[in-house]
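Chemist: Please arrange chains B and C on chain A, whose structure you already have, making use of the hints.
These protein sequence lines are chains A, B and C, in that order.
Each number in our numbering corresponds to the 1-based position in the first sequence with 2 added.
Each number in our numbering corresponds to the 1-based position in the second sequence with 2 added.
Each number in our numbering corresponds to the 1-based position in the third sequence with 59 added.
What the hints contain is simulated information worked out from the structure, not anything from laboratory work.
Among the hints, erroneous ones may be present.
Just so you have them, the derived chain A footprint on chain B, three or more residues with Cβ under 8 Å [claimed, not checked]:
hint : stretch
1    : 16-26
2    : 39-47
3    : 54-67
4    : 82-95
Computed list of lysine to any residue pairs in SDA-like fashion (alpha-carbon distance at most 20 Å, straight line) [stated by the list, open to error]:
hint : chain 1 : residue 1 : chain 2 : residue 2
5    : A       : K26       : B       : V84
6    : A       : K167      : C       : A165
7    : C       : K380      : C       : D537
8    : B       : K29       : A       : I97
9    : C       : K504      : C       : L485
10   : C       : K411      : C       : E499
11   : A       : K167      : C       : S212
12   : B       : K29       : C       : W286
Don't be surprised by glycine CBs; every beta carbon is placed ideally from N, CA and C.
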Amino acid sequence: METIIFYVFAATSVIGSLVLVSHKNPVASALSLVLTLFSTAVLFILLLAHFIALIQVLVYAGAIMVLFLFTVMFLNLRDESLRFDAVKVPVKLGILSLLLLISGYFIFIGFKKIPPLNTMVISHPEPFGTVEGVGEVLFSDYLLPFELTSVLIVVAILGVVVIAKRRFD
Amino acid sequence: MTVTIEHYLVLSAILFIIGAYGVIVRKNLIIVLMSLELMLNASNLAFVAFSNVLGDLTGHIFVIMSITVAAAEVAVGLAFVVTIYTHHETLNIDVLRMLKG
Amino acid sequence: MDSIEALRSTLLIGPELALILTGLIVMVIDALIKGKAKTELFWIALLGLAVSFVLNLERFHQVSSAFAGALSLDEFAAYFNIIFIVGAFLAIVLSKDYIAKMDLRANEYYALLLFSTSGMMILSSAKEFMSLFLGFEIMSISVYILSGFNRRSTRSSEAGIKYLVLGGFASAILLYGIALIYGASGTIFLDEIAKRFDINNPLYLAGTALILVAFIFKIGAFPLHQWVPDIYEGAPMAVTGFMSVGVKAAAFAILLRVLFEGFSQLETSWTQVLWIVSVFTMTIGNLAALTQISIKRMLAYSSIAHAGYILVGVVAAYGEKKLGLSSVLYYLFSYTFMNLGAFGVLTYLSMKGRECETLDDISGLWVKKPLTAVALGIFMLSLAGVPPTIGFFAKYRVFLSGVRAEFYWLVVIGILNSVLSAYYYLRVLVYAYMREEKVEFPSFKPISAVALTILTIGTIILGIFPFYSWDLALKAVDSFLLALQAR
Numbered sequence: 003m004e005t006i007i008f009y010v011f012a013a014t015s016v017i018g019s020l021v022l023v024s025h026k027n028p029v030a031s032a033l034s035l036v037l038t039l040f041s042t043a044v045l046f047i048l049l050l051a052h053f054i055a056l057i058q059v060l061v062y063a064g065a066i067m068v069l070f071l072f073t074v075m076f077l078n079l080r081d082e083s084l085r086f087d088a089v090k091v092p093v094k095l096g097i098l099s100l101l102l103l104i105s106g107y108f109i110f111i112g113f114k115k116i117p118p119l120n121t122m123v124i125s126h127p128e129p130f131g132t133v134e135g136v137g138e139v140l141f142s143d144y145l146l147p148f149e150l151t152s153v154l155i156v157v158a159i160l161g162v163v164v165i166a167k168r169r170f171d
Numbered sequence: 003m004t005v006t007i008e009h010y011l012v013l014s015a016i017l018f019i020i021g022a023y024g025v026i027v028r029k030n031l032i033i034v035l036m037s038l039e040l041m042l043n044a045s046n047l048a049f050v051a052f053s054n055v056l057g058d059l060t061g062h063i064f065v066i067m068s069i070t071v072a073a074a075e076v077a078v079g080l081a082f083v084v085t086i087y088t089h090h091e092t093l094n095i096d097v098l099r100m101l102k103g
Numbered sequence: 060m061d062s063i064e065a066l067r068s069t070l071l072i073g074p075e076l077a078l079i080l081t082g083l084i085v086m087v088i089d090a091l092i093k094g095k096a097k098t099e100l101f102w103i104a105l106l107g108l109a110v111s112f113v114l115n116l117e118r119f120h121q122v123s124s125a126f127a128g129a130l131s132l133d134e135f136a137a138y139f140n141i142i143f144i145v146g147a148f149l150a151i152v153l154s155k156d157y158i159a160k161m162d163l164r165a166n167e168y169y170a171l172l173l174f175s176t177s178g179m180m181i182l183s184s185a186k187e188f189m190s191l192f193l194g195f196e197i198m199s200i201s202v203y204i205l206s207g208f209n210r211r212s213t214r215s216s217e218a219g220i221k222y223l224v225l226g227g228f229a230s231a232i233l234l235y236g237i238a239l240i241y242g243a244s245g246t247i248f249l250d251e252i253a254k255r256f257d258i259n260n261p262l263y264l265a266g267t268a269l270i271l272v273a274f275i276f277k278i279g280a281f282p283l284h285q286w287v288p289d290i291y292e293g294a295p296m297a298v299t300g301f302m303s304v305g306v307k308a309a310a311f312a313i314l315l316r317v318l319f320e321g322f323s324q325l326e327t328s329w330t331q332v333l334w335i336v337s338v339f340t341m342t343i344g345n346l347a348a349l350t351q352i353s354i355k356r357m358l359a360y361s362s363i364a365h366a367g368y369i370l371v372g373v374v375a376a377y378g379e380k381k382l383g384l385s386s387v388l389y390y391l392f393s394y395t396f397m398n399l400g401a402f403g404v405l406t407y408l409s410m411k412g413r414e415c416e417t418l419d420d421i422s423g424l425w426v427k428k429p430l431t432a433v434a435l436g437i438f439m440l441s442l443a444g445v446p447p448t449i450g451f452f453a454k455y456r457v458f459l460s461g462v463r464a465e466f467y468w469l470v471v472i473g474i475l476n477s478v479l480s481a482y483y484y485l486r487v488l489v490y491a492y493m494r495e496e497k498v499e500f501p502s503f504k505p506i507s508a509v510a511l512t513i514l515t516i517g518t519i520i521l522g523i524f525p526f527y528s529w530d531l532a533l534k535a536v537d538s539f540l541l542a543l544q545a546r
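Looking at chain A on its own, in the form it has when it is part of the complex (with noise of 0.2 Å):
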């Protein structure tokens, strides 16, 4: 039953980020990012990890995902100004190949050679995972990383404020 969850959503992931890099329409490549997305939360569970599952719902595919959306429409981008992004075939597949060369030797040499990690653990005791589990870890050793996020968010804050805002004064 998980083998074929994880094929199927796997499969989904890869056929999402496959059409959001080559469709020429943000609106569709925004829609696809979602589909990746929820995707991933359905393998985020797979794995154990419900709170991070559905901060990848709530969060990514729903905030950000909105934030990409609303920009699309409020630029109100016409047919003809998407036109320069032409697909130039034998550039794109060039770059993609030299990538997956790269890339090869750990997806099919590398990975088999780690050790320890060629099982995976179906089940954790109970709080692994969980909002108890991760907030509890969150709130105690990561408690710095934590507090910077909100530094992080002000410094965003700010730069939108300053880069988007029409008229000051």
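Modeler: Chains B and C in isolation, oriented as in the chain A frame:
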């Protein structure tokens, strides 16, 4: 045939490469930003997969942080996209080449 | 980590907190006070940096670690923090008139500069990948925004988005590298990673390579240096100065810490890689700088070349740990003065709607503004490495460590490059001193003049009498190496 961690790693590597390909090849700024998201998402998958094997929650925390970073980066990036569009009426990344020489 | 430990740690990160709080105060005050001219913000920002500087000095007396080992508040980090704080302080002083001239928003500018500096300070003391990554992002995102800060200028926005896309690419690569290292070792703490490092495990190799790529991007070294001239040219002049010294120093701080503390088992391999990177970085930077007409672009290529010289010190640390590393620290310190000074003069000479960029913009400077011309001359000679300026002593120490570590060819290439670079630095002086005036120069501005005076004096005096700067660098490296041996 059971699913092992290796499968997840291969999947994450594939997603990462597709994302990198999108960043390098595409010219539409919004799609370039989405491809960046895809790369970060691929890293998240690797983190969660490793976390499962190690029985350690650090990877999960890292994913939360990386989602925050992704959100911040996208917000700033899209703000830039809006200004670029008002300046040039296009999202073609090639207009940025005018910075050169 | 219990609440007492959390409280203790919070008290220990005073310098960082001071900057973050000052940034927030600047934002709040701006919202509360009505009216146009807000000079208070300028003084508050400077005060925050001064407080942070004083608190940071405390770390030279008492080394500690905070947040369960996430931050190592050692002398090594404290030395880099001095570089960041001094850089940010002088950048703010230099920017004040520039902001007024270009009609930019002062409060956000100061706040972002302060946040960016706090990110650098977290970065320099991070001993764990999560804080490292977040510090890296706080610094980077602030700097992306600062590069695109001038919304009226198309070039500035373009520099911002370009930096964001390329920097985001580097961050994604860094994150994937960290994921692989985490998967291989099961931890994100650098010292634990060093203990569990296994050369036969391909995950470690791949992770190290990816992380190294991200850092090489941030340093602006070959083969990922192409972004540097474009972004330096597009960003507002005052930001470029800060960026060229702060981000570079922070990237070197984290490069040293991660490579020496985390991946020391691969030292031979990455030394070889950095050897090649160093040679190409300085040669390509210098060759490209030779043909530039724009001074801003020329300084961007020169900053690539300087990254190459600094890498000589990192490579030399293979044989000469102490001398090599302290020469890197000292070089970054002196680079802060001379490069910020060079950009400072250009910032000073910029006028509304026209940045001082090309060689024509400075011709005849000697006739109209002799003191500024003298300052420019000193910065250019220092960048070229002419004694008795600070640039000469910095280069001397880096190359000396290279010779001691027996990397003769690298040093020979470095010296040849140095000689080559004199041509384009001196060409600027030929224009400034010997050509006819072509454009108008702005009127005298006291605050910028003070900053330029400090930078000029620092560039001359700190070379001949390094005071504490060299001793502190040695001390910082000592503590860094002691911590490495202790485990």
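Chemist: Now tell me if each hint is right for this structure.
Modeler: Status of each hint after checking the structure:
For the stretch 16-26 of chain B, the proposed coverage by chain A is satisfied: 10 residues have a C-beta within less than 8 Å of a C-beta in that chain, meeting the threshold of three. A count of 5 residues in the stretch 39-47 of chain B with a Cβ less than 8 Å from any Cβ of chain A is obtained; the coverage claim is therefore met, three being the minimum. Given a C-beta distance limit of less than 8 Å, the hint that chain A covers the stretch 54-67 of chain B holds, as 10 residues qualify and 3 suffice. Coverage of the stretch 82-95 of chain B by chain A holds in this model, with 9 residues showing a Cβ closer than 8 Å to a Cβ of that chain against a need of three.
Among the hinted pairs, K26 (chain A) with V84 (chain B) is consistent with the structure: their alpha-carbon atoms are about 19 Å apart, no more than 20 Å. The straight-line distance between the Cα atoms of K167 (chain A) and A165 (chain C) is roughly 15 Å, inside the 20 Å bound, and the hint therefore holds. Straight-line distance between C-alpha atoms of K380 (chain C) and D537 (chain C) comes to about 9 Å, which keeps the hinted pair within the 20 Å bound. A threshold of 20 Å between alpha carbons decides the hint, and for K29 (chain B) with I97 (chain A) the separation of about 14 Å falls inside it, so the pair holds.
Note on K504 (chain C) and L485 (chain C): the hinted pairing is violated, with a Cα-Cα distance of about 26 Å set against a maximum of 20 Å. As the CA atoms of K411 (chain C) and E499 (chain C) are separated by approximately 12 Å, the hinted pair is consistent with the 20 Å bound. Of the supplied pair hints, the one linking K167 (chain A) and S212 (chain C) holds, its CA atoms being roughly 15 Å apart against a limit of 20 Å. For a cut-off of 20 Å, the pair hint linking K29 (chain B) to W286 (chain C) stands: about 17 Å separates their Cα positions.
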